[in-house]
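In order, the protein sequences belong to chains A and B. Heads up: take any position in the first sequence, counting from 1, add 7, and you land on the numbering used here. Heads up: take any position in the second sequence, counting from 1, add 14, and you land on the numbering used here.
No lab work stands behind these hints, which were simulated from the structure alone. Backbone N, C-alpha and C fix where the C-beta goes; we use that ideal spot for every residue, glycine too. Certain hints may be false.
Stated by the list, open to error - Calculated cross-link-like contacts (lysine-lysine; reagent style BS3-like; alpha-carbon spacing at most 27 Å):
{"hint": "1", "chain 1": "A", "residue 1": "Lys149", "chain 2": "A", "residue 2": "Lys117"}
{"hint": "2", "chain 1": "A", "residue 1": "Lys153", "chain 2": "B", "residue 2": "Lys945"}
{"hint": "3", "chain 1": "A", "residue 1": "Lys149", "chain 2": "B", "residue 2": "Lys59"}
Said to hold, decoys possible - Not everything, but these chain B residues come out facing chain A in the computed CB check (under 10 Å):
{"hint": "4", "residue": "Arg27"}
{"hint": "5", "residue": "Val31"}
{"hint": "6", "residue": "Asp33"}
{"hint": "7", "residue": "Lys71"}
{"hint": "8", "residue": "Val74"}
{"hint": "9", "residue": "Trp122"}
{"hint": "10", "residue": "Tyr557"}
{"hint": "11", "residue": "Ile736"}
{"hint": "12", "residue": "Thr740"}
{"hint": "13", "residue": "Val742"}
{"hint": "14", "residue": "Arg743"}
{"hint": "15", "residue": "Gln800"}
{"hint": "16", "residue": "Val806"}
{"hint": "17", "residue": "Ile975"}
{"hint": "18", "residue": "Ala987"}
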Amino acid sequence: MSSDLDVFVGNTTLIDEEVYRLWLDGHSVAEAVARRLRGGLLEREATSVAVLQSDTRDHYRTFQMLERLLHAPPRLLQQLLFQIPPERQALLVQRYYAFDEALARELLGKKLSKGTKKELDEVSARTGVGIRSCRRQFDNFKRVFKAVEELRGPLAENIQQLFLLPPSLARDYAAIVFFANSRFETGKRRLQFLSFGDFAACAQSMMAHWSQGALAPEAAEPDGDLPKSFLQDLKELKVLVTDKDLLDQHKSLVCSALRGKISVYNELEANFKALSRALVNVGGKLTHARDVRDFFVDLVEKVIEPCRSDKWSPGDLRLFLQHYTAAPRNLPGFRHQALWERYMAAISACLLRMFHD
Amino acid sequence: MPGKLKVKIVAGRHLPVMDRASDLTDAFVEVKFGNTTFKTDVYPKSLNPQWNSEWFKFEVDDEELQDEPLQITVLDHDTYSANDAIGKVYIDIDPLLYSEAATVISGWFPIYDTIHGIRGEINVVVKVDLFNDLNRFRQSSCGVKFFCTTSIPKCYRAVVIHGFVEELVVNEDPEYQWIDRIRTPRASNEARQRLISLMSGELQRKIGLKVLEMRGNAVVGYLQCFDLEGESGLVVRAIGTACTLDKLSNTSAFLPACNSPSKEMKEIPFNEDPNPNTYSSGPSTPLKNQTYSFSPSKSYSRQSSSSDTDLSLTPKTGMGSGSAGKEGGPFKTLLRQQTQSALEQREFPFFTLTTFPPGFLVHVGGVVSARSVKLLDRIHNPDEPETRDAWWAEIRQEIKSHAKALGCHAVVGYSESTSICEEVCILSASGTAAVLNPRFLQDGTMEGCLEQRIEEASPPGCGFCHIPYDELNMPFPAHLTYCYNCRKQKVPDVLFTTIDLPVEAIVVGKGCLIQARLCRLKKKAQAEANATSISNLLPFMEYEVHTQLMNKLKLRGMNALFGLRIQITVGENMLMGLASATGVYLAALPTPGGIQIAGKTPNDGTYEQHISHMQKKINDTIAKNKELYEINPPELPEEIIGSPIPEPRQRSRLLRSQSESSDEVTELDLSHGKKDAFVLEIDDTDAMEDVHSLLTDVPPPSGFYSCNTEIMPGINNWTPEIQMFTAVRVSRLSNINPTNQTLNKNFNDLCENLLKSLYFKLRSMVPCCLCHVNFTVALPEDELVQIAVTAVAITYDKNQALQANKAPTEKSQQRASTDNEEQLQFPLELCSDPLSSQPFSPAKEVLEGASSHTGIPAAQRDRCNSWIELIKLKAQTIRRGSIKTTTSLEKASPLAEGYLRHRSVPSGTNSTVSVVKMTPLSFLPGAKITKYLGIINMFFIRETTSLREEGGVSGFLHAFIAEVFAMVRAHVAALGGNAVVSYIMKQCVFMENPNKNQAQCLINVSGDAVVFVRESELEVLPPQPAAAAQPTGAAGDVTT
């Protein structure tokens, strides 16, 4: 005797967290049942495989019907079809939009296009995230990207509002959108040591210090784009390395402040000019989209790797950046201190975050 | 022109994209009532249009107001081609027609399309201005209130219960009209939905008129059903109980506690009739209860009474002579004469109610039922209701006479149903024969009722169990014993009823759901031959269903069934019987004897061994069940009470199951031609199978209980957490050569698996109880069985449950004295039941304490001249105390608070959807219903031509049921309500054609829209005198 039709509908929609997890991970009903069996549910509840199958199918159907609503979470709150307690709604949304960092790391800076979606098979193989789950997460990134692309104001807040995500998750999505927008290169071998969390933190610092929203809340441009005028202004900072006097004075100010305070003083003295040039030029290149891509590559190649080979400690780097940022204030004839500090705030934060093995 | 209907279309949201080019929609709305239509402007290019229309006004007479639904159609404007319909909303404006219900309907309604399902939502405001005094209009019956609830609704008092009302209307089914061949499925579905809506309105209006004629103002226990007869038409019929209800003021409304459906008193004034002896002509053998009739119109008819079966295993006593009653005898007789004669004036002294105020039910005779097989293609005038009216009248007459045979003059818990397959239709009716209290029926103040109860011979806890029939002139053979509770009257050894467990009943342990399941093959046949074969099968099915029920009851060590519902479903090549009931152990009835197996072929060693093995298994199961359901009947009550019954009698009772079973057989043969329920004779393999199947019923997993009644006996500390659900399964019986045995097994497995799956799904609610478990079986096609279950799972507090059985009052005391250790001493004494060996004097003190706060006047306590009565009264007051206790506990329980907190969350966030609870019960645990907003009666059709794309049959039905729930909730919310009580899915007709990728489903649901307030919130309201008088009031203060 086979059951052709088998449904269970509650006035309050039943959500089984375990089954939701399995569904999100992209398992088929059969796989999900197998996994639930392995979890020992059968023995614990003294039930049968048929019951488990029927239950799993019910949940899967519910999730499939809910998925359409999950694409626009505010609709989930307004819809009348499923009666779900608010905390359960929040859980559904949160879990649906949660992502695997390994996957997000792979996709950072890539164009969220059909082409990228086709490459997901490889990504799935590399990260060990199921292909169906990969696609769903990719679609989430893309959906969020599309939704906030044109919006003004702080990116994370917009995402939080449109998708009802918890603040930390919204910030992560903001980072993903920011990277997708600016198309930073993150896939190079020498960047492999950086995690998603590192990049997300960098993106947040960059948005916090550089975006227009950071200065004027009623910003005209979306947060995800770095303001053009700011990038243009960064060219003015080149004076710090092109003007020999300024460079020498800057060096002596920093060195005198750090003498005896950091362990790598000699190396610093030797490399100061190279470091300073690298730090200033990274900003100068940001006006060209093509160079923007190399932002993180440059930072790693020209700052982090030399420091690391000289055995700098994170504390050394912090102290150096602190004084390196502050020193130009005392440079005669340097009129861009505010711009400089705004620029260096994000650069320092990024470097400190990225300075690890 | 007595009414003006005003409608305003505010806005829409989440509309579907109708214009592919722009991905937008140019929506406008048509508002139609009767023959008048208004339109809004087109709101261009938006999926969230803001029409904000003017008030559309319809000036209509109230007859139209009652019959017509308001029809709102959302369309997409198209300049060049015809406008596309997006979907519709039907709004029943009946709730606006009586003053105490809703005053405005306002809210978001799902826009529903029969092909696409829900497509966005529309915000509508509806008002009605009634110009004249409603009662002057006789064509309409505006103002008559309807309740699906089968008890007196919580915030009302029954002034008069007038009795049975019924009506039936017939129309041609649009699906079978010639025009259906050329119109679209959508048009056909909508025509059908609209027609049924109209017919329901008309039916309700006509019933209302009858109620007004009887000088009533409400219908309680209103049950409306559809018969899709096919070619011969579409029948909408309804039954109910006409009442005159009085709205209770706030203070008195607080008295009835949540767990006791209707504790208000009702009175029925009846005229006296000097004709007391009509009943004495009642039949003396069960055969008389079973009639076989062929109606002259060539339709085959067969009625049998279920009472014959259950009651033949059930004893009865006479009411006439003093043999039964000792002191109460003559008085009782007199009362009975009065009531009976009064009731006999009515054509059908039937009541669709299942719960009554304490004392209203005097005696319960047993289940009466009648069935009849009819041929639909033989209706002379299919468009007229006469033929069906006659059919039902015939069946009701049958029921009435069965009740009479049981010495009863009323039928309570009455219901009717049909099962149709092609042109064959089985009409069924069943109820419980009962004797009602004449004091209630004549003059009835509350005090009168209470006095009545104490003066009357039958004590409240067991009175209804006492037999109403003549012991010397019993309608069938049965065993009688003296009541185990009062020792004064005779009781049967088993009691079957269709009603809910009376609140005052004394129960031992917990109850459980008991089902009998049965399949019978039948040859495919046409017309009369078919009807004949069905008629021939019916008595055997009824007999077997009852045997199964009886055996399963005994297997659980219980002695009474409540809420019995037997459903016989007819299909092309088989009949299916499904009986559900809640088994309990009534303290008043004797302990059931075990089940014994007797082999037919002696002198066979292995066989005997096998038999004894089975016997052992059965005995083990009984023992296990007794433990599971906590059935520990008091062994010592005689010693405490002083045993008015001599010892030898008791001994004989203990031996009864053996001694009587032997001589019983011959007598029972008269009625069944088979065997006694106590002894299972294993004479062939079939019988062996039967015994095996008995043992296959798996008890629910620990933490779960289930019942099909409103309240689970033995559990009373519910938390407010409820989950109503509907589950539907369709299974294919794939046997090539099915036999009755394999079919039975398949059917049994199907039901058991379904239950198992429910327990698994709801495992997070443990400890919990599935209440009002309602199975419906349909045979949509050859080999297909469809089972639909609707029930509610309610969580209860396990820790309190353990104590609750023993001494409910104790809990309240404990609560009150949580911060006061010394006081604990007293409450612990209180827990001494009449069952424990507590010395007498402290018990009396306790009693005074208990009764003083349960509102029984001291004068009445004084009237209790014997200490036995005192203890009985105490048992009763404790019982009443328990109800209040639960109330207060729910108020105070952390769960309730947690729930409240969680409920208040949405108001804080931007959630706009209010929570609407749904339950098949008449109450919400931990909450008080403050207002009834009107009846919800909705009928939907859903059809698809892309079944695979919608997730197959399961995906299709899953979505549809969810949509039905959503539409019910939206209507309730728009009425201003926050719950539906007495919710029922009356019909779920599912048809599929996988080859064409098509499916269609019809669902009919109903219930009462209400406003409820959490009892924890009530605490904050101005002091309630009733609550203040109790110690629990103090507990409430502490916790708030």
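Can you give the numbers of the hints that this structure goes against, from lowest to highest? Per hint list: 2, 5, 6, 7, 8, 10 violated.
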